[in-house]
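Visitor: Residues per chain, in single letters:
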Amino acid sequence: MSADTTDGELLARIGRGDEEAFTLLWRRLSGPVLALGRRMLGDDAAAEDVAQDTFATIWRAAATFDPERGAPLAWVFTIARNAARDTARRRRLTVVGEPPELADDADGPSEIVAIESERFHVHAAVASLAPRAREVIELAYYGGLTQVEIAARIDVPLGTVKTRTRNALALLARSLDRVEVR
Amino acid sequence: MIEHDEARLLLADLIVPGLSDPGRGAALRAHVAVCGSCRQDVGELQRIDEIMREAGPIPEPSADLEARVLDAVIAAARRPAPTRLWSNLTALRVAAAGALTLAATAGVAALMDGSGGGFRPDTSKALAGSPDWRGATGTLAVGTLRGSPAIRIELQGVPGPATGATYQVWVGTREARIALGMIEPDSAGHAEAVLPLPTGAVGFPGLWVTNEPDDGDPAWTRDWIVRSTA
Ligand SMILES: [Zn+2]
Chain U
1 MSADTTDGEL
11 LARIGRGDEE
21 AFTLLWRRLS
31 GPVLALGRRM
41 LGDDAAAEDV
51 AQDTFATIWR
61 AAATFDPERG
71 APLAWVFTIA
81 RNAARDTARR
91 RRLTVVGEPP
101 ELADDADGPS
111 EIVAIESERF
121 HVHAAVASLA
131 PRAREVIELA
141 YYGGLTQVEI
151 AARIDVPLGT
161 VKTRTRNALA
171 LLARSLDRVE
181 VR
Chain G
1001 MIEHDEARLL
1011 LADLIVPGLS
1021 DPGRGAALRA
1031 HVAVCGSCRQ
1041 DVGELQRIDE
1051 IMREAGPIPE
1061 PSADLEARVL
1071 DAVIAAARRP
1081 APTRLWSNLT
1091 ALRVAAAGAL
1101 TLAATAGVAA
1111 LMDGSGGGFR
1121 PDTSKALAGS
1131 PDWRGATGTL
1141 AVGTLRGSPA
1151 IRIELQGVPG
1161 PATGATYQVW
1171 VGTREARIAL
1181 GMIEPDSAGH
1191 AEAVLPLPTG
1201 AVGFPGLWVT
1211 NEPDDGDPAW
1221 TRDWIVRSTA
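The listed protein sequences derive, respectively, from chains U and G.
Just so we're aligned: 53 in the numbering used here is position 53 of the first sequence, and the numbers increase by one with no gaps anywhere.
Just so we're aligned: 1060 in the numbering used here is position 60 of the second sequence, and the numbers increase by one with no gaps anywhere.
Pulled out of the complex, with its shape left as it was, chain U reads as follows:
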């Protein structure tokens, strides 16, 4: 098992009780699930509950995952969204975009779900990038650094940084093709 192992293969192994596969999936998707929890609930502690519940459910229910009925990430997204709603109920929080009073809004619930699904898929794609590619993307988007600044920071020629950035963005663009909303 390695960084190349697909999410679907990991879920199949987890369904057979493989702890190593579970740890690998956790390393890959805990960040994107935490980010989703934070966006939906606006609360860091609640987001931790979401991540904990999501992965507990993944562990318990992975054997029921059927690749013919949907993509692995869509399945995890659905679990995480349900976990966020359960956490919201428990903590008496409002789920951003979910309450019925927003239904008339231009960005109604289903549209918000679609947007969150897209964000989750892109985050998962970032988390699955090779470390060197992920590094330049995170420094550019979250660190706010220019290409020149990134080159100086990680001590790599500017041309190399640019190539990594271009390749990484092309890979991320492909992740959009995999977005499924249920």
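What the hints contain is simulated information worked out from the structure, not anything from laboratory work.
Small disclaimer: the values here were computed from a predicted structure and weren't measured.
Be aware that one or more of the hints could be misleading.
As the list claims (entries may be wrong) - One side only, chain U facing chain G, incomplete, derived with CB under 10 Å:
1. 51
2. 52
3. 56
4. 69
5. 119
6. 120
7. 142
8. 160
9. 162
10. 166
11. 173
Here a beta-carbon is modelled for each residue, glycine too, at the ideal position from N, C-alpha and C.
Chain G with the ligand: place on chain U using the hints.
Guide: What follows is chain G with the ligand alone, placed relative to chain U:
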């Protein structure tokens, strides 16, 4: 002018400031203006750029959270053997307090297996409805899901849970039982869930679906909806 084969590798230059080499931007834009395929790719890159800005950074889970999740799951994987499971209520309470072993959701089970897809029943029997839940009936099938022990529960005539409450599926004995997950009826009062059986729960003597207030108390209430007892 830049040819398509070269241009398509440089499209991110139109999105990320500072990525384009000096003097290349104009030639690249000229190509994209006449190339539908590149225009479409630029559109996708634009969307990624927006999402990256809107979605915010990816948090790193704290060491504490990671330990909590991985330890709890590994502990759940090494559950005690069946005989001990049913006789050791304390251990079950500990497991219940962790909530991790209990967290299967009807949403998931119903989503993936709402039509029982993949579930193979071996035996099936009717569930008895509680006098307090007039009209509630159900069927329990015991079998396998892709080779692993599982049950399928179907409910009829059960209204959806009140706000803040959930319907929980339990197996075991009256004295010692574990929660397998939740089940949620649709507006027609019908519910179906396929739930995997932990190794220790195979051959369970009884099954209950109860109405549980979402009060954080892992113990069960006496408010059962349907049941099957030996
Ligand atoms: Zn082109």
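Visitor: Each hint: holds or not?
Guide: Checked hints:
1. 51: Check passed: Cβ of residue 51 of chain U comes within 7 Å of chain G, closer than 10 Å.
2. 52: 5 Å, holds
3. 56: 4 Å, holds
4. 69: Because about 6 Å separates residue 69 of chain U from the closest Cβ in chain G, which is inside the 10 Å limit, the hint holds.
5. 119: 4 Å, holds
6. 120: 8 Å, holds
7. 142: Constraint on residue 142 of chain U satisfied, holds at 4 Å.
8. 160: 13 Å, violated
9. 162: The hint holds - residue 162 of chain U has a Cβ within 10 Å of chain G, the shortest such distance being about 6 Å.
10. 166: 5 Å, holds
11. 173: Cβ of residue 173 of chain U sits 4 Å from chain G, so the hint holds.
In this structure, the one hint that does not hold is number 8.
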